[in-house]
Amino acid sequence: MSQTDVMVAAAAPTGAGSRRRRARPLAALPYVVVAIYLVAAAIGPVLVPYDPVATEVTERLLPPGSATASGTAWLGTDAVGRDVFAQIVAGTRTSFVIGISVVGICGIVGVTLGAVAGYFRRLPDAVVSRAIDILMAFPGILLAILIAGLLDRGMDVVILALSVGGWVGFARLSRSISMSTRERDWVAAARIMGVSTTATLTRHIAPFLAGSVIALATIELAGAILSEAALSFLGLGLPPDVVSWGQTIANGREYLGTAWWITVFPGIALTVLVVCIGLIGDRLTKRYTRKRD
Amino acid sequence: MTFYIAKRLAIGLLTIWGVVTAVFIVVRMAPGDQATVALGPDATTAEVEALRHSLGLDRPVLVQYVSYLGDVLRLDFGESYRFGRPAMDAVLERFPATITLTLTATVIAVAAGLLLGVLAGRNPGSVVDRAVSTFTLGLQAAPPFWVGIMLILVFALRLQVLPSANGGSLAHLVLPALTLSIPFTALVARMTRSGVADAMTEPFVQTARSKGLTEGQVLGGHVLKNSLVPVVTVVGLQVGTLLGGAVVIETVFAWPGLGLLLVGAVGNRDYAVVQAASVLIAMCVVLLNLAADVVNARLDPRIRLEVRR
Amino acid sequence: ACSLGGSTDGSGDTTGDETGDGGGGDLVVAGPIPIENLDPHGAASMDAGTQLAARAIFSQLLVSTGQGEFDGELAESWESNDDASVWTFALRAGVTYSDGSPVTADDVVASFERVLAAEGPLAGNFGGYTVAAPDDATVVFTSPTPDAAFLGKISSFFVTPAGAAEDGFFSDPVGSGPFLVESFEPGATLRLSPNPDYWDGEPEIASLELQSIPETAARMTALQTGEVDITWSMPDDQIAELRTNAELTVETVPSPGVFTMWFNSSTPALEDPAVRRALWQAVDFEEIIASLYPETGTPADAPVSPTVLGYAPQEPVAYDPDAARAALEAAGFDFENTVLRWQFSQASFRNFMNAVVSDLAEIGVTVEPLEKEQAVFLEDLLALNWDMNMQQLGSQGYDAATNLGRLYTCEANRMGYCNPELDDLLAAAGSTSDTAEREDLYAQATEIIWNDAVGMYPMFVETPYAWQNRVEGFTPVSDGIPYFDEVTVSGD
Amino acid sequence: MTTAPGGASLLEIRDLDVTFTGPRRSLRTPPTVVRAVDGVSLDVRAGETLALVGESGSGKSTVARCVLGLVRPQAGTIRYDGRELGPVDKRPPELQRAVQMVFQDPGSSLNPRMSVGAIIREAWQVHPAVAPAGDRREALAAVLTDVGLDPGVAERRPSALSGGQRQRVSIARALALRPRLLVCDEAVSALDVSVQAQILRLLIDLQASHDLTVLFITHDLAVVRQIADRVAVMRKGELVELAPAGELFTSPSHPYTKGLLAAAYDLEGVEAPFRETQEQMS
Amino acid sequence: MTDYRTPAVVAPEAPSTPGAEQAPLLRVEGLTVVLSSGATRGVVLDSVSFSVGAGRTTGLIGESGSGKTMSAMAIVRLLPEGAETSGRVIWGTQDLLEAPARRMREVRGHEIGVIFQDPLSALNPLQTVGKQIGETLRRGGMPRAQVRARVLELLDRVGIPDPEQRIGVYPHEMSGGMRQRVMIATALAGSPRLIIADEPTTALDVTTQARILRLLADLRDSDGVAMLLVSHDLRVMAHVADDVVVMYAGRVAERGRADAVLARPRHPYTRALANNVPAVTTKSAIAEPLRGAPANPFDRPPGCAFHPRCPLAQAVCRTTTPELREVEPGRFSACHFAEEVGS
Ligand SMILES: Nc1ncnc2c1ncn2[C@@H]1O[C@H](COP(=O)(O)OP(=O)(O)OP(=O)(O)O)[C@@H](O)[C@H]1O
Ligand SMILES: Nc1ncnc2c1ncn2[C@@H]1O[C@H](COP(=O)(O)OP(=O)(O)OP(=O)(O)O)[C@@H](O)[C@H]1O
Ligand SMILES: [Mg+2]
Ligand SMILES: [Mg+2]
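So the protein lines, in turn, are chains A, Z, H, R and B. Residue numbers for the first sequence follow our numbering, beginning at 207 and rising by one. Residue numbers for the second sequence follow our numbering, beginning at 13 and rising by one. Residue numbers for the third sequence follow our numbering, beginning at 4 and rising by one. Residue numbers for the fourth sequence follow our numbering, beginning at 23 and rising by one. Residue numbers for the fifth sequence follow our numbering, beginning at 5 and rising by one.
Just so you know, the hints here were simulated from the structure itself, not pulled from any lab data. No residue lacks a Cβ here, since even glycine has one placed at the ideal position from N, Cα and C. Warning: the hint list may mix true and false statements.
Not close to chain R: a few residues of chain A, all C-beta gaps over 10 Å, as computed [what the hints assert, rightly or not]:
(1) Ala246
(2) Ala247
(3) Val254
(4) Phe291
(5) Ile311
(6) Val315
(7) Leu356
(8) Leu379
(9) Asp391
(10) Met399
(11) Val401
(12) His410
(13) Asp447
(14) Gly463
(15) Trp466
Here are the simulated DSBU-like pairs of lysine-lysine, each with C-alpha atoms no more than 35 Å apart in a straight line [claimed, not checked]:
(16) Z/Lys19 / Z/Lys237
(17) A/Lys492 / B/Lys135
(18) R/Lys112 / R/Lys258
(19) Z/Lys237 / B/Lys135
(20) Z/Lys19 / B/Lys135
(21) R/Lys112 / Z/Lys237
(22) R/Lys258 / B/Lys135
(23) R/Lys258 / R/Lys280
(24) Z/Lys237 / A/Lys492
(25) R/Lys280 / Z/Lys19
Put together the whole structure using the sequences plus the hints.
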């Protein structure tokens with residue numbers, strides 16, 4: 207008998223491959239909502255024109271639905287008479303740009319450092335781990351303040367300030383995953399074959415970071431948008447001529463008792479987005495962590 | 013164990029040195045210094061230069077660093093020019109308020125978070141689970157200062173049941189602690205949920221059931237403890253973050269904590285206070301992480317206390 | 004109970020909590036600026052918080068009551084030589100510190116020398132000064148140059164016992180002011196009790212608590228709920244709401260503060276006074292002030308406020324965007340390529356700035372508002388690293404010398420503007436003790452500053468105060484640092 | 023099976039020592055040290071199948087990982103064809119490809135994100151010297167057919183394969199580099215009996231057709247009996263016995279081997295029923 | 005040569021239809037389990053019937069995924085969430101599938117003990133082994149001191165040396181064999197009448213494996229505990245089982261007395277399994293391995309599930325599912341050609 211007799215025809219995959227969740231009508235909701243926000247960020251300013259510089263002090267603090275010289279302020283006006291709805295739409299783009307840039311930078315830096323530390327261990331790991339320790343023990347607010355002070359206020363500065371400490375989460379995650387992934391036999395097999403270190407890292411380690419990293423990224427995205435709001439609250443955020451939800455909310459805090467609409471609507475916009483991103487993140491986490499081992 | 017703790021403390025010292033150095037660099041890099049701020053907008057350039065000289069701020073940065081490091085080694089953090097007394101005293105004075113607030117928030121967050129997390133995690137995918145997940149996401153998504161001010165408006169202004177600002181009594185603690193605990197609760201709940209959900213699928217849970225235990229006994233006796241390790245780690249980290257990072261809430265409630273002190277000190281370029289506060293916070297973070305690891309080692313005998321490299 | 008830093012008395016909630024002695028009730032005051040330091044001589048000496056505390060704990064030689072007028076406190080009388088370079092004070096007899104020891108001329112000398120040694124912001128007023136005590140009741144201050152504004156400057160000076168130089172003095176200070184320190188949490192709460200030996204009579208209230216609540220919403224809530232009896236410096240939008248509360252009294256008083264928006268005259272685009280004036284013309288300040296500062300703002304007609312010695316009203320700059328545009332074009336202003344960097348540091352100016360920027364944008368002038376952190380702002384201010392600047396400036400001691408005289412000289416070079424004629428006028432005004440002559444000189448100086456548009460001076464600021472109706476005897480003061488020794492709180 | 027014992031040795035292991043240092047419990051006690059391999063010397067002769075057996079934790083895998091250069095021994099030398107084998111990333115390409123490995127867990131020895139084809143082609147990218155000239159697709163099909171797989175599986179991911187199929191892919195990946203020494207660490211232990219038999223059969227066939235030398239690590243004596251020419255027995259890091267398979271199974275000399283065999287025979291005692299079946303079949 | 009089977013049965017004159025002479029302790033009838041994962045539903049168990057006689061050992065054999073664990077766990081109703089179960093599990097006079105939850109908790113641990121497949125993950129890593137062994141008793145209200153005494157006794161019974169010291173040890177501090185003993189002690193704690201042992205020796209090396217099997221056999225002989233033993237290892241089965249049930253793709257392929265089934269299979273699958281068992285004594289067995297991969301109940305071929313791998317398969321096998329029928333007294337086979345297999 208030769209081995210061709212035992213040639214195996216395509217056998218069916220085992221249970222795990224064919225698992226799929228039962229379709230729920232609400233399941234698509236977070237994706238739809240995020241898509242709407244993305245559209246708003248992309249073309250919103252075209253649909254709802256907004257000039258952050260133009261103010262109309264005689265039309266300040268008007269409640270939702272008030273008529274103004276330029277139309278109806280469906281969500282009211284702010285303390286210098288700018289339309290809150292237009293501000294929310296215009297702020298979407300800023301918030302997304304900040305969120306995505308911060309997460310992008312942190313993700314790239316964190317994943318690279320974490321993967322390298324976890325894979326090589328020893329010296330690179332010691333260096334990265336100490337850096338993480340120090341950053342975690344370093345009062346984050348201090349960094350944000352100093353960066354805001356060091357450079358001229360601007361979107362790039364906010365992104366930088368939020369990124370300086372933000373990579374730590376990605377690094378910790380990637381480090382632990384790459385540490386356990388490097389113990390997997392396929393990595394050993396690659397090393398035995400003589401696959402180069404870079405190729406091993408990119409082909410045999412990095413793909414296994416992707417799932418958890420994307421899941422973390424959704425959470426961090428929401429976190430970055432919130433942090434921008436907090437920076438604005440402390441007066442360290444964006445310059446006055448850049449609109450963001452955080453700015454609007456922070457600007458409205460003095461009017462919470464009298465002109466609630468300034469803070470409440472962008473707050474709702476922000477909360478809905480963060481919840482939807484979080485739900486998507488949850489789903490990604492579930493999908494990628496379920497069958498890790 | 014002792015060896016482990018000793019080694020971790022040694023690494024902790026290294027971390028603190030790193031923080032000291034980083035803070036030093038970062039603070040000196042920032043534009044404006046003690047002399048500009050102290051003399052205010054009316055001062056002339058010559059006056060500022062004179063003060064700078066008498067404070068030694070015109071010396072080379074390296075010289076300043078070495079002399080500063082020497083002082084720190086002697087546990088002398090210098091004099092705060094704003095407070096007119098040793099910086100560490102000013103910092104330590106704020107510490108009890110910070111600790112009170114942080115610990116209260118932690119207790120609330122851990123209690124509520126565990127409850128929510130267990131409710132959600134015991135039946136992954138159920139209606140309760142999805143409700144709790146969405147709810148905790150909502151908690152995480154609400155901007156803390158917005159929540160804080162809303163709480164003031166509702167409980168202090170409209171209902172007049174709680175005071176709004178400043179420390180002093182237990183009643184003053186309620187709103188800030190609650191506000192601070194909201195995102196924290198969400199975090200604990202989510203960590204607990206995933207821990208419990210994971211633990212529920214562990215074979216030893218089936219073993220426990222096969223012994224004829226009720227679901228409650230299974231949950232309490234076998235599942236919960238097994239899901240706590242990541243929760244403890246996260247709580248340790250988060251408490252550390254809150255020590256100096258609760259600025260927003262301290263601002264909203266005029267709570268005289270470390271965060272506010274730190275922000276003020278940076279604004280005033282009160283280097284001594286910035287550095288003393290950073291060192292204190294770093295020390296706490298190091299100790300908290302160590303404590304979390306030790307608790308985890310207690311919780312889970314499998315965790316060999318190894319020094320993370 | 005909870006252990007909050009250094010609180011000595013167990014009850015934190017002070018409202019309606021009558022303590023026996025005094026009988027005038029307990030007063031809780033919430034200021035917008037934290038009290039971080041009780042030392043009135045050091046680095047924080049000019050802080051509103053420190054000054055507020057010092058006015059309760061210590062005594063001044065004299066207090067300024069507006070427009071070059073002063074009341075003696077520790078000083079019974081004072082006089083100067085002709086060129087206002089030697090000032091002699093006679094001290095009030097029989098004043099003691101709370102520990103019973105007398106206030107002597109040596110204490111004044113020691114305090115003043117402490118100020119000079121501290122090199123703080125107060126010391127900047129007294130460059131080159133010497134002080135001497137020929138006898139126990141006389142103090143002589145000598146300046147190397149004539150200094151007509153000396154009285155205004157010295158009104159920020161507090162006298163402490165000579166022992167204040169010792170370590171730890173300010174953790175339990177001894178003063179000659181109306182109140183004694185019970186406990187102090189820097190940045191949070193200062194608890195005081197009346198000084199039975201106060202030379203001007205023991206205050207009637209049983210206790211005084213100075214809190215700091217910088218966040219507006221919390222401070223307003225505390226006032227509305229009665230947790231706080233007195234507060235001040237509220238945003239205009241809150242004042243209207245406070246006025247609807249029948250239990251509150253709301254008042255605004257003129258302050259020395261002026262919204263001051265300097266142009267950097269060394270910026271090429273702004274070198275031409277015509278350009279600067281045109282920019283001023285382009286903004287509808289009247290409408291902006293009416294909308295944003297209906298309670299505390301009045302359009303300004305001088306670079307210093309009417310409460311200040313040296314105030315001289317000028318012709319207001321009328322809003323005329325068309326004329327402004329025409330003037331700019333005539334002056335060859337490069338609309339396309341000029342971006343004016345406009346720096347400010349206080350968040351509360353944000354709305355005002357936005358409105359002004361919006362008006363300038365209407366005539367095609369691009370302004371980039373730069374909100375900077377205080378320290379950065381100051382550094383850049385000194386370095387003239389800005390094209391336009393916005394500050395609220397007061398005049399210490401209600402004397403134009405501390406504002407115009409100090410900031411507008413060529414030597415000070417604060418706004419890239421140098422005018423020898425103006426220098427001469429300011430120097431002359433600073434070196435004579437004749438008030439009428441000084442007023443005249445400052446009027447001439449003001450005219451130059453106004454017409455050359457060294458800056459825009461859109462608004463005089465009033466300080467708003469609000470207090471519970473049960474508080475009696477409270478007098479709002481224009482510099483926003485009130486006194487409480489005559490206040491009583493009626494039990495309710 | 024193919025070569026009579028006594029051929030030239032392809033792999034020489036001399037005085038191999040491997041220790042792992044564990045954590046320290048207290049300041050006074052020294053760190054715990056595990057002597058995983060303790061002075062092992064062993065020759066693998068060209069063309070033979072040498073089985074390495076021993077109970078769990080006896081150091082079998084550690085020896086294998088040393089041979090592959092994944093673990094750096096504290097002491098001792100490993101020579102292949104007279105040349106020193108260093109750590110894996112320091113080996114010259116021809117040594118790198120000459121020694122290959124098949125792992126125990128079919129679930130984790132293949133990168134689940136790569137297709138079977140990509141997994142095998144990766145080997146050729148690294149070692150262009152052995153890569154087939156011309157159309158690699160044909161070569162790929164040939165390699166897969168060699169291990170009894172349908173060339174169609176090249177498109178699939180490992181997750182879409184059964185355990186036995188994955189193990190075949192593992193073997194194919196190793197064979198693609200035309201190694202002379204194949205190290206199999208518990209290569210069939212995780213498989214069902216029927217599949218296990220398929221893989222063992224395949225290995226025996228391949229050894230003949232590809233002129234392979236096999237170092238076969240297992241704790242299952244029955245498996246050893248089926249394929250080994252010689253057997254080395256390890257216990258607590260030490261090599262206790264090395265003998266030709268027939269000799270070892272009939273007359274073990276070391277007491278530990280005797281115990282091991284006794285336990286196995288204990289189970290074997292009642293295997294008569296299957297023998298009957300097996301006899302019927304043949 | 006050691007034989008752990010129930011002595012009475014080894015005697016050749018023993019009745020040839022085991023379990024028939026007296027009412028069995030446990031009867032599983034037409035047990036069907038449907039699991040759904042996402043959109044796919046799988047009949048994981050399809051009308052499985054077998055019984056366990058009092059004091060006897062019944063073995064469940066089959067390849068991975070054939071439903072052995074499912075059958076065993078369905079008895080104590082410890083199936084994964086969402087499993088739909090039908091059929092009957094008669095324990096004494098009661099159908100356990102219908103029993104209220106409260107009754108099930110009495111049955112679990114006290115009447116039926118379970119030994120799980122992987123002792124490392126089946127023991128709670130955060131509790132000392134003593135605590136885990138005594139848990140059933142403690143929850144049953146036994147005083148602490150008494151529990152401790154009983155746990156010590158159990159540890160001693162299962163052959164753990166120095167019980168006094170081991171009682172406070174955590175599972176990870178023990179070797180695989182010791183953990184398996186702890187697992188057995190846990191199952192024994194409530195003095196059950198039936199022990200379900202799921203692959204109790206799979207993860208262990210030969211030496212330990214032999215010791216554990218001996219221990220189980222001893223327990224059965226001394227206490228008269230019946231056992232449902234799950235394993236894929238035919239050598240183990242031949243060793244300890246009185247009766248065997250051979251499973252393939254969630255169905256019973258063949259069932260009968262162990263020695264008979266293993267010596268003269270009446271199903272081609274059983275025959276192939278027996279044929280593939282490698283022997284230590286001789287070097288011969290892998291001449292003709294069974295081709296193909298084990299079937300998956302989520303994707304079961306029509307007709308006889310074994311037909312794609314079966315050397316005897318005919319057209320009828322592809323279309324008609326064979327019934328489990330009695331091919332000789334006490335022997336049941338689900339093969340259309342059962343008669344041809346054996347001869
Ligand atoms: N990376 C490591 N760190 C610490 N100890 C190790 C490491 N790898 C192996 N060991 C220890 O070395 C010893 C030998 O392990 P090895 O894996 O070689 O045994 P083995 O014979 O292959 O066992 P098994 O049959 O269980 O695979 C064991 O005690 C093991 O715990
Ligand atoms: N939790 C689960 N969810 C869905 N399907 C499952 C689950 N557990 C097992 N299965 C499926 O049920 C079938 C029977 O599994 P079972 O565990 O009974 O097999 P087994 O015979 O015990 O195999 P093994 O020898 O591998 O333990 C398999 O196809 C398996 O994939
Ligand atoms: Mg091994
Ligand atoms: Mg199983």
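Here is how each hint holds up against the structure:
| no. | hint | in the structure |
| --- | --- | --- |
| 1 | Ala246 | holds (35 Å) |
| 2 | Ala247 | holds (32 Å) |
| 3 | Val254 | holds (43 Å) |
| 4 | Phe291 | holds (45 Å) |
| 5 | Ile311 | holds (25 Å) |
| 6 | Val315 | holds (23 Å) |
| 7 | Leu356 | holds (42 Å) |
| 8 | Leu379 | holds (18 Å) |
| 9 | Asp391 | violated (4 Å) |
| 10 | Met399 | violated (5 Å) |
| 11 | Val401 | violated (5 Å) |
| 12 | His410 | violated (5 Å) |
| 13 | Asp447 | holds (46 Å) |
| 14 | Gly463 | holds (55 Å) |
| 15 | Trp466 | holds (50 Å) |
| 16 | Z/Lys19 / Z/Lys237 | holds (28 Å) |
| 17 | A/Lys492 / B/Lys135 | holds (33 Å) |
| 18 | R/Lys112 / R/Lys258 | holds (30 Å) |
| 19 | Z/Lys237 / B/Lys135 | holds (15 Å) |
| 20 | Z/Lys19 / B/Lys135 | holds (33 Å) |
| 21 | R/Lys112 / Z/Lys237 | violated (46 Å) |
| 22 | R/Lys258 / B/Lys135 | holds (32 Å) |
| 23 | R/Lys258 / R/Lys280 | holds (16 Å) |
| 24 | Z/Lys237 / A/Lys492 | holds (22 Å) |
| 25 | R/Lys280 / Z/Lys19 | violated (47 Å) |
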